[in-house]
Amino acid sequence: MDTLLLYLGPVILLLIVLGFVTYAILAERKVIGWIQGRIGPNQVGPWGLLQTVADILKLLIKEDTIPKNADRTLFKLSPILAFVPSFAVLAVMPFSAQIQFANIGVGLLYYMAVSSITTIGILVGGWASNNKYALLGGMRSAAQMISYEIPLVLSVVGVVLTVGSLNLNEIVAAQQKTWFIFPQIIGFIVFIIASVSELNRTPFDLPEAESELVAGYHVEYSGFRFAFFMLAEYVYIFAMSSLTTVLFLGGWNAPFGWTFLPGILWFIIKFSLVVFFLYWVRATMPRIRVDQLMQFAWKVLLPVALANIVLTALLKEVPFLAHYY
Amino acid sequence: MIRTEEMLLNVGPQHPSTHGVLRLLVKVDGERIVEAEPVIGYLHRGTEKLAEDLSYTQIIPYTDRMDYLSAMTNNYAIVHATEKLMGLEIPERAEFLRVIVMELNRVASHLVWMGTYLLDIGAMSPFLYAFRDREQILDLFNELCGARLTYNYMRVGGVKWDAPAGWIKKVEQFTTYMQKQIKEYHDLVTGNEIFIGRTKGIGSYDQQTAIRYALSGANLRVTGLNWDLRKDAPYSIYERFAFEVPVGEDGDLYQKYLCRMKEIDESLKIVAQAVGEFPSEGKIMGKVPRVLRVPEGEVYVGIESPRGELGCHIVSKGKDKPWRLKFRRPSFYNLQILPILLKDENLSNLVAILGGIDIVLGEVDG
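So the protein lines, in turn, are chains A and B. All residue numbers in the first sequence are consecutive under this note's numbering, ending with 327. All residue numbers in the second sequence are consecutive under this note's numbering, ending with 390.
Just so you know, the hints here were simulated from the structure itself, not pulled from any lab data. There may be inaccurate statements among the hints.
Which stretches of chain B does chain A cover? Using the computed rule of at least three CB atoms under 8 Å from a CB of chain A, they are [to be verified]:
id: 1; region: 139-151
id: 2; region: 155-165
id: 3; region: 217-224
Listed below are the simulated DSS-like cross-link pairs for lysine-lysine, each with C-alpha atoms no more than 30 Å apart in a straight line [stated by the list, open to error]:
id: 4; chain 1: B; residue 1: Lys207; chain 2: A; residue 2: Lys32
id: 5; chain 1: B; residue 1: Lys204; chain 2: A; residue 2: Lys32
id: 6; chain 1: A; residue 1: Lys301; chain 2: B; residue 2: Lys293
id: 7; chain 1: B; residue 1: Lys204; chain 2: B; residue 2: Lys311
id: 8; chain 1: B; residue 1: Lys343; chain 2: B; residue 2: Lys255
Glycine is no exception: its CB is placed at the ideal position from the N, C-alpha and C atoms.
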């Protein structure tokens, strides 16, 4: 039975995530449509429920083109490099007290380390396409993701200091009384900004800025290879929103002791709020410029994140507040 | 010593942010622009040459296709020049209708600019809001003349169609509605930190440069020069209306945005006044011969189109067709400043600066 679960579990998770991606795209289009006074997809299936299915089907049957002067090996490798880590990071995510696939001691570190591999995939894709726009997009992406990884990692150090563990399960367990969004508000703000940037979404969607770079690093990709890039992007939304929930919103813990709903449902509610926030930001913000992006990461976010670490360490020693830290 | 190589980047003619078929040859060093050269002519249809074989009435629909975002002002340029050369009297009702549609068209044109400009710098929603409001203007025009984009509305001596019953009322309602909407745009866009960061101090030029490059419209006014042909060389019945000419200070993109937003406000003011004084009775066509034979001579008229000074120069040899017709197309002149504005800028600023000029390729290429 256990062996069966060992092999079946990941397959089920994969299907859940793919299902999420299918409907996250639809939800994004519906939500943004609603914000912009439009209807959104409503033709394929009731309420457009089959729209994404139809889109994926279209991508599947499209011709798979590889530019003549592209580096064929790297060109084929790069979607895989971008896509595999996005699923790999989900292994350590505690969706509820029971559902977690790998409860490893350094779960948070594992997430940060594995997710940064995607940058290589994007950079390789931009380079291998032998297209100037793709190259610029790839370079931007590499610069951006490396710059924002640092504040991202530093912003969660406050949480780690408080809990004293990198294990995501223990981090959730420590939030039974107070969610870390309250004592770690500075860390949370830095984290959410850096994570939007990590996800390459508006206002940090420079790598694929369609009005400047046409489509950025995946401009030469078509058919299913393109779908892989898109899939990676949306799975990362799933992963990053889950991580935000786990680190700052108390994971599966019920607020105000409302335990009448199961933990997994609370997780889904909080997680959906984070996803909605991402869509909302996308519908509202213009795009930041590339030099402003770098300055913001190094001159604003990084010092703030460092200050947060020092502040957390100091507050931990204050007797009255130590309860929260 | 690190040596970097320059790269030749071909932006357009098929690029989402060149607003049509403009092609830019950009030499970039990393993301810094070393040199930019616009290549135009992809949409050249030879309007001026074609006009030499067309009667004056037949030219009007061709002008619709120049600045297709503001066809009403184009219509007016050609009919106004012809009327001036012929010395025609225009009935008052026709003049009012002309002013109303021209100003509404200016609002529609600026709304498209605002929407696409924000789309260029990455904000998606204002585009849809702007088009939602522009749609109402198009509906009004549709009701008036049966077309949404290429109106072919004005005629030498007046206008083709009278306002249908209740139309003026609808225009009035739209004016009040739009004045409220402008506040929404300001809430959403004007104070946005990212928007200010993207536009403030970017792509600025001084008054001398603007005059040297023969810029006009908001591109000129943004440098602080108060020059609006509706005030400085009044035509039609603009003298009757009270409105202000918004000017900027140092010609950066943010002030261009503010200028154009204020222009929408001012245009709405003019429309509101025109609707209030709209004559309830009257003809819409003056006494015009069936075949227009324009007396021998030359005439130049300049009018204030949403993009700047739209000039029309007619040379007539007394026939029913112009001997030579020349349009001073403001987009074409405004575009000429682009290479010096883009020099040493970041590649991200390319679309912001290009968008700020507000070109319509149909007008650039003629």
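Hint-by-hint comparison with the structure:
1. 139-151: With 8 residues in contact (Cβ-Cβ under 8 Å with chain A), the coverage given for the region 139-151 of chain B holds.
2. 155-165: violated (count 1)
3. 217-224: Satisfied; 4 residues make the cut.
4. Lys207/B - Lys32/A: 26 Å, holds
5. Lys204/B - Lys32/A: 27 Å, holds
6. Lys301/A - Lys293/B: Violated, because 46 Å separates the two Cα atoms, which is more than 30 Å.
7. Lys204/B - Lys311/B: Given pair Lys204/B, Lys311/B is violated - Cα atoms ~41 Å apart, limit 30 Å.
8. Lys343/B - Lys255/B: 33 Å, violated
Checked against the numbered hints given earlier, the structure breaks hints 2, 6, 7 and 8 and satisfies all the rest.
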